[in-house]
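Novice: In case you want the letters, here they are:
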Amino acid sequence: MSEDAAMIAGPPPGGTFPARLAWRWRHHHQIELWIVWWSMPVFYVIFSITYFVLARTMPPPPPHWNVAEIREWIALRHNGIDIGYILFYLTIGLPGWHIGLIATLLKRMSASPAYAYAYIGTMAAGTVPGALLNGFGYSLLALRPERDPAALAFLYEFANLTFVGTMGVFFVASFILVVAILLDRNNILPRWFGFACIWNLTTEFTVAPAWIFRHGPMTWTGGISFYWNMVVYGTWQIMYFVVFYKAINKIASNLPRPQASAESVPLNAFSPS
Amino acid sequence: MASTGQRICLWTAPVVGAIWVVCFFLFPGFTAPLSPTLPAKVVAAFYADPDNLARTRYGMILFNWFGIGFLPFYALITVQMERMAHNTEVLAYGFLATATSAAALISITILFFQVAAFRPDRDPAIVQMINDMAWMTFTVPVSFLMAQAGVLALAIFLDRQPRPIYPRWIGYFNLLVAALLAPCVLASVELTGPFAWDGTWSYWVRIGVYAAWTIVMFVAVMRAMGRTAETVISADSKLALRAGEA
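Line by line, the protein sequences are chains R and H.
Plus 20 on top of the position in the first sequence (first one is 1) and you've got my numbering.
Plus 1137 on top of the position in the second sequence (first one is 1) and you've got my numbering.
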């Protein structure tokens, strides 16, 4: 059976789950997109387990605590921080793959390939301050809880502020998505998701007061700077899985078969019909 | 023949590699990594020692210039990945994104070492904290390199064409590299033993694995470069042929 015929026929009926996976690995034309898509829920489940279940660093502790309170907070979750952040440090590279998937979709939009490249740049830079450094802050607190009070307080604030307060990279990345989606005439992603990205973008402004206030709803753990941000971001994140899932199916029908490199130099496979 | 631009990208790798080796021998904390168990006063004394201080400052200035220097080489790998027989660019872009984050982290590490050496008479507790941040940033974020090697392995296995860009064993080699790097994340919790940031695995094995990866990929990229140049020419000549037919 030729490759095309095998793909159209689909996996042989009645096969076991591993057999169906093996078939997809060998024959599915969009296998690379699906592998990257599946790394999204894997990463975000591990991320949520680290922050909310094991380390319990979310929701964040308040900014006005004294050193004794910070030490007690660390003591209560020492093992959780250790184990949780080991999982986090093992998987924090995966968002780089997700950046690749989103850039692939952006490249197929009618706006300009520039949006794909801008997205790769901003998000590859953003992963470091927006996610990783905050983990280091918590790990260093747990590594030496007996540390000098001034250093301890610095790490505590560094961890919490970098998590909530990394704004520009996500603001610009969301802005890139908004403009590309709303300009797009190829319907790669739904327009409503473009508007949802505007909502997500606004939270990067509402978190800004966290850099100033130590009491009230504007702090890094406050109702406006943290909880509102979490509600909007969480909702957006769920939409994100769904729209990318659908977008892969949409561009899938327009993809050519894998070809030898001599013929595959122009890679912009999508052509609006 | 590959273009001059591609050859420059390729040969930046051994030049940057050689400079990294010089930095390795200049900074005394690289030839004899600082133990995480050292008390704050000993860490501060390390930076305050006049000989160490000069070598740290000059070594790190050099490292600061070239810390991100492998990116042109990674960009060349990205270009070759775009030539693979895939349906989309997702894996090439994923490689570029992970490689960028990994390279940026080296730059951040260097900044921490430099800040520690800038004012060594600072409160020892603060010097120790900055030193901790430097070693944590240097050792723990192997996940970016793992994701970089992993996505490259995936790309190689899916490059199903009669003459793939890289041989298949390079894919298995990249998986091995990712697996060997994984235990280094334990440096975030271990103060002693092979997985602490001065330990045999998290320090020496990690550096060895990274050096081996760079050398193997350099040779693989060099070999593939002739190939990709050749295929570009053949694609062009096909277009020329088609134009002739029309």
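Mixed in with the good hints there might be a few duds.
Unchecked claim - One-sided excerpt, in silico: chain R residues whose CB lies under 7 angstroms from chain H:
1) Leu53
2) Val56
3) Met60
4) Val62
5) Val65
6) Trp85
7) Gly116
8) Trp117
9) Ile119
10) Thr124
11) Thr142
12) Ala144
13) Leu160
Claimed, not checked - Pair ranges (Cβ atoms, derived):
14) H/Leu1248 <-> R/Gly236: 25 to 35 angstroms
15) R/Ser130 <-> H/Asp1260: 52 to 62 angstroms
16) H/Thr1168 <-> R/Leu96: 16 to 26 angstroms
To be verified - Far from chain H, some chain R residues (derived; all Cβ distances over 12 angstroms):
17) Ile90
18) Tyr137
19) Asp168
20) Leu202
21) Gly243
22) Ile258
No wet-lab data here; the hints were simulated from the structure.
Yeah, the Cβ is synthetic: ideal placement off N, Cα and C, and Gly gets one too.
Novice: Work down the list of hints and note, for each, if the structure agrees.
Specialist: Hint check results:
{"no.": "1", "hint": "Leu53", "verdict": "holds, 6 angstroms"}
{"no.": "2", "hint": "Val56", "verdict": "holds, 5 angstroms"}
{"no.": "3", "hint": "Met60", "verdict": "violated, 12 angstroms"}
{"no.": "4", "hint": "Val62", "verdict": "violated, 12 angstroms"}
{"no.": "5", "hint": "Val65", "verdict": "violated, 16 angstroms"}
{"no.": "6", "hint": "Trp85", "verdict": "violated, 18 angstroms"}
{"no.": "7", "hint": "Gly116", "verdict": "holds, 3 angstroms"}
{"no.": "8", "hint": "Trp117", "verdict": "holds, 4 angstroms"}
{"no.": "9", "hint": "Ile119", "verdict": "holds, 4 angstroms"}
{"no.": "10", "hint": "Thr124", "verdict": "holds, 4 angstroms"}
{"no.": "11", "hint": "Thr142", "verdict": "violated, 10 angstroms"}
{"no.": "12", "hint": "Ala144", "verdict": "holds, 4 angstroms"}
{"no.": "13", "hint": "Leu160", "verdict": "holds, 5 angstroms"}
{"no.": "14", "hint": "H/Leu1248 <-> R/Gly236: 25 to 35 angstroms", "verdict": "holds, 33 angstroms"}
{"no.": "15", "hint": "R/Ser130 <-> H/Asp1260: 52 to 62 angstroms", "verdict": "holds, 57 angstroms"}
{"no.": "16", "hint": "H/Thr1168 <-> R/Leu96: 16 to 26 angstroms", "verdict": "violated, 40 angstroms"}
{"no.": "17", "hint": "Ile90", "verdict": "holds, 14 angstroms"}
{"no.": "18", "hint": "Tyr137", "verdict": "violated, 9 angstroms"}
{"no.": "19", "hint": "Asp168", "verdict": "violated, 3 angstroms"}
{"no.": "20", "hint": "Leu202", "verdict": "holds, 22 angstroms"}
{"no.": "21", "hint": "Gly243", "verdict": "holds, 31 angstroms"}
{"no.": "22", "hint": "Ile258", "verdict": "holds, 22 angstroms"}
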